[in-house]
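The lines below spell out each chain.
There are 4 protein chains.
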Amino acid sequence: MRLAMIGLGRMGAGIARRLMEHGHEIVGFDHNAEAVDALAGDGATPATSLEDVAAKLQTPRIFWVMLPAGDPTESTIEALMAIADAGDIIIDGGNSFYKDDIRRAKAARERSLHYVDVGTSGGVWGLSRGFCMMIGGDTETVDRLDPIFEALAPGVGTIPPTPNRLNREGCDTRAEKGYIHTGDAGSGHFVKMVHNGIEYGLMQAYAEGFDVLKGKSSDRLPEDERFDLNLTDIAEVWRRGSVISSWLLDLSADALAKDQMLDSYSGKVADSGEGRWTIDAAMEEAVPAYVLSAALFARYRSRVEGTFGDKLLSAMRFGFGGHVEMPQ
Amino acid sequence: MRLAMIGLGRMGAGIARRLMEHGHEIVGFDHNAEAVDALAGDGATPATSLEDVAAKLQTPRIFWVMLPAGDPTESTIEALMAIADAGDIIIDGGNSFYKDDIRRAKAARERSLHYVDVGTSGGVWGLSRGFCMMIGGDTETVDRLDPIFEALAPGVGTIPPTPNRLNREGCDTRAEKGYIHTGDAGSGHFVKMVHNGIEYGLMQAYAEGFDVLKGKSSDRLPEDERFDLNLTDIAEVWRRGSVISSWLLDLSADALAKDQMLDSYSGKVADSGEGRWTIDAAMEEAVPAYVLSAALFARYRSRVEGTFGDKLLSAMRFGFGGHVEMPQ
Amino acid sequence: MRLAMIGLGRMGAGIARRLMEHGHEIVGFDHNAEAVDALAGDGATPATSLEDVAAKLQTPRIFWVMLPAGDPTESTIEALMAIADAGDIIIDGGNSFYKDDIRRAKAARERSLHYVDVGTSGGVWGLSRGFCMMIGGDTETVDRLDPIFEALAPGVGTIPPTPNRLNREGCDTRAEKGYIHTGDAGSGHFVKMVHNGIEYGLMQAYAEGFDVLKGKSSDRLPEDERFDLNLTDIAEVWRRGSVISSWLLDLSADALAKDQMLDSYSGKVADSGEGRWTIDAAMEEAVPAYVLSAALFARYRSRVEGTFGDKLLSAMRFGFGGHVEMPQ
Amino acid sequence: MRLAMIGLGRMGAGIARRLMEHGHEIVGFDHNAEAVDALAGDGATPATSLEDVAAKLQTPRIFWVMLPAGDPTESTIEALMAIADAGDIIIDGGNSFYKDDIRRAKAARERSLHYVDVGTSGGVWGLSRGFCMMIGGDTETVDRLDPIFEALAPGVGTIPPTPNRLNREGCDTRAEKGYIHTGDAGSGHFVKMVHNGIEYGLMQAYAEGFDVLKGKSSDRLPEDERFDLNLTDIAEVWRRGSVISSWLLDLSADALAKDQMLDSYSGKVADSGEGRWTIDAAMEEAVPAYVLSAALFARYRSRVEGTFGDKLLSAMRFGFGGHVEMPQ
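Those protein sequences? They're chains V, E, G and B, same order as listed.
1 is the number of the first residue of the first sequence in this note's numbering; add one for each residue after it.
1 is the number of the first residue of the second sequence in this note's numbering; add one for each residue after it.
1 is the number of the first residue of the third sequence in this note's numbering; add one for each residue after it.
1 is the number of the first residue of the fourth sequence in this note's numbering; add one for each residue after it.
Hints are supplied without guarantee of correctness; some may be wrong.
Claimed, not checked - Below 35 Å or equal to it, Euclidean Cα-Cα: the simulated DSBU-like pairs (lysine-lysine) are: (1) E:Lys268 - E:Lys258; (2) E:Lys268 - B:Lys258; (3) V:Lys258 - E:Lys268; (4) V:Lys99 - G:Lys268.
Stated by the list, open to error - Far from chain G by the CB rule (all over 12 Å, computed), these chain V residues: (5) Leu50; (6) Asp85; (7) Lys99; (8) Asp100; (9) Trp125; (10) Thr139; (11) Phe227; (12) Val243; (13) Arg276; (14) Asp280; (15) Arg301.
Keep in mind the hints are simulated off the structure, nothing from the lab.
Beta carbons are placed, not taken as given, at the ideal position from N, Cα and C, and that holds for glycine.
Sequences and hints are given; from them, build the entire structure.
Take a look at the structure:
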């Protein structure tokens, strides 16, 4: 198929290349002309503006927008809606907030355009492993784009099948290849958002566990209850047949194998919108999200040196008990 | 009544003085001779050793031990058990772990001694306001000591009565004066322990709330959504008819009135055993304690600059997304 | 002063009566004619429509809207903006989301109207105790309305002054009477919102603590470590000089004095918007809110019998360990 | 090697069989004679008592105890210590609390015996996949037992190597085969304990995430913001290249493929000691464990229908606001 890739950063360029490798044709556009040139060098058709992009596709056109969520995506999609003809397809492949998708899909529908949102997981590894994709949009359009998604997905590979799927009808076979149609527009990014919420929780569980392992050598403990544990080997052994083996553990094992003290990291941890939006969604649904929220808050806390709230605790303790702060 | 006060630190000396003011006689002992002399100057009978203490009381003797929990209390009570005669009473007025009380009370019973544990709240303010006391031990002994407890308690004072107690039989009238017999030995410190667990939770709720108020002036927010709030006046107004008025809020209002920025505090917050023991008790009972544990953990977190777990989060993020840490 | 009270439910009627008792004149309106008649019987001027309300006030008019947050408040304020003349004042005394205030205040400004938001705490008790008020709006308008707020506030009363305020300049003396001007429009409801967030946290701290006390009689514990505690007397004694005394504890003591088992309650706990909005605000500010969020989630959890997530835990345990669910 | 397997339940028998398949000789003992006979049928030497076990091994003997933690393990190891000769080895392969190991290892040392604790992960799947083992004990003894551990471990298999281990010296190659020597006695069970603590956290992260996905179809949401998601396919697609792929997700995908509603589960989730001990360890080390504790508490909460604490919340709300409980 022939489609435009708008936004040729690491992810956009990677997706474009993977698609070309699978025989698709790419019209590439980015405000950074060097990025366009680089992709053109790999066989893409370069474009100099959104209008030029449109001119270089045949209708119904396929525009894949791969830009940072928020203003860049919003303004580009707005511009595309003005340019596009009835029947054209706009794909938002970034990390948009799903309610923005719902709104934009409605606007697209009013102009007889199709809107598809694609949440992708896999990080920079997706370029080689393939992308795990969660796709929202109308069924006809998502089906029409299937060759693109199949090319991007990791495929069945060597991952063992899920036993209970084998003898069951009605399972979407695309799931086994690494992509699914999740429902109407917005649902792709919603599912991806929850994926990231879970990711935060999983990461924090490992983080706390390794903190407990590391703390076991603390001299605040009785001497015969201390262990000086090899975290590198522990992470490695847990990859082998343990209940908590996972890809995040694989990454942890690799990081620890490089430097068991992780001294190159300060531990100030960023968060993107998805973690927060997941808590918002939980609150809208009245679903308890203790772990997912605690994982998010741990990141906030990692970025401040001493909270005002902590000072207030000290002030209260001084107030009722004359306690001065601990010297530690 | 005549009793010994063993341990004449701030709390022990204060309790002894309050008792003498109410007409009780005190034999005072401390390893620090100056503390003994000071109390003797106020009318106490000085003692030079535990044996001397015993000699200066008539049987059945009353020993009030007011020492740091752990070894000092343990060794002193052990020594007293060896010295005491059948029928004597040992009171642990410190912050002991209630299971230690249960064990020591059993040992005392085997020697025909009486063991009473007194949990006290009120901090340094108790010296003037009176102490809120939770008392464990056998009923006959606790009743016999009633004049002592009544003298120490704040009394009915100006606190309005609880409406539903007025027309109800079976309520312990001591509760309205500020002390209760909670049950067998150990129960006094158990109830005091949970009191402190709750205290941690209350404090953390205020801490987080004031953090949110303070953060509302952050320039990470849209300009028209920022407020530069006067935390001092907010704390004060909440003391006046709001649902969240409390003594801890009174203390907060006072601290904020002195320095709204709380700049004299580093925010490294200590914790004593009670917070931890409360979580232990919750786990033994399989009771969810999300808030009480989070309040405890916030104190732990306040005392480290960057956890190993946080570094592991950064390492994982680098692993899957090539994310470098945020500059902030 | 003369002002309109629009919305004569329990709160609106109570505020109107308290104002009339303090010599203010009220024009009362409600869709429920009986509520209007009842207030007229107490001396208010009845009105039959918003237009009638406007006709019965002299400019600059004061409209106090006391309606449920959301649509009722929104549509009424919109209608008032169309009716009002330049210089008129619209007060939202309900539980609005502060961002709605910011938006409405901006719209009001564009029409040369003044918008004031009043967050009130004190619940049904405020009718007799007076209301604790947090007021947002432009200074001139808030100052002009001072007689109204002073009449509604509890006043200095018998609450002891905060020591550090006594010898300090620059403290807002209104705070000691129970109301403050918090800043621009929206800030009143924002501060009230955080107040409620804290309220949730405080309540949950007590709830967990009493759960631990109650669970101590559980037969899952070793027999010599069980206590059958009198929760009614414990709540009462903690009102007397303890660190955790508070108005919420007073209410708890009263409820427990009526029925120690609290058997008349199912324990399905509602939440209003403020708890959730506080978490939203915390996330916007990147402030950790472990306790406030956990308190909110506990309410969500109280309203479901068994979560899907819990079933998934059981399914995983069966998957890796063949564990069947516990019979309990 | 020749060793005794004491305790022939599912795990003990499975381990014994796997060892025999790898050429080791087993003396089998269990209070259940049928279990002994069954294993004898597979080639083991049956024993009728611990003394008989000892008689059928040559010194230095190897006793592998595979019994429930607590009394059964404790009393058996005590009996073995009395029977054993200097130089004999006692292995505790169960789920013991690591402080019990430390104590027992000390007692063993005083009798010139060797004590080894083996924490195993892998659940019932370990019988076919091999067991991931964390082993505590003195180096000489653990090294001597290496053929046993290597036989039980999953081996390198098809799991890709950790890149940073390849070009690094000093990494324990046993880790890549699925077992490690963690340090002194007790450390094996300690590491396994933290493993389980992490496991709780991971499971709860998935549980909350799927709860949010499922709740997205709730009719409490605006109609155009609802999605009716296929959880079965979502779990499957996340196995394929996503950041949150893991063995626990594999199990979830399988359970959901069997029944997307998980209707056969009540959602009352048990917990074993390890989750609680991990929180204890965190508190001893002053390490924040928000997520691990919340995961534990969620299990507690899953097993009660309505907590006393929730009732107290309702009672307070009635007290301050006259709120009656929600009908829902």
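Violated hints, by number in ascending order, as checked against the structure: Failing hints, ascending: 2, 12, 13, 14, 15.
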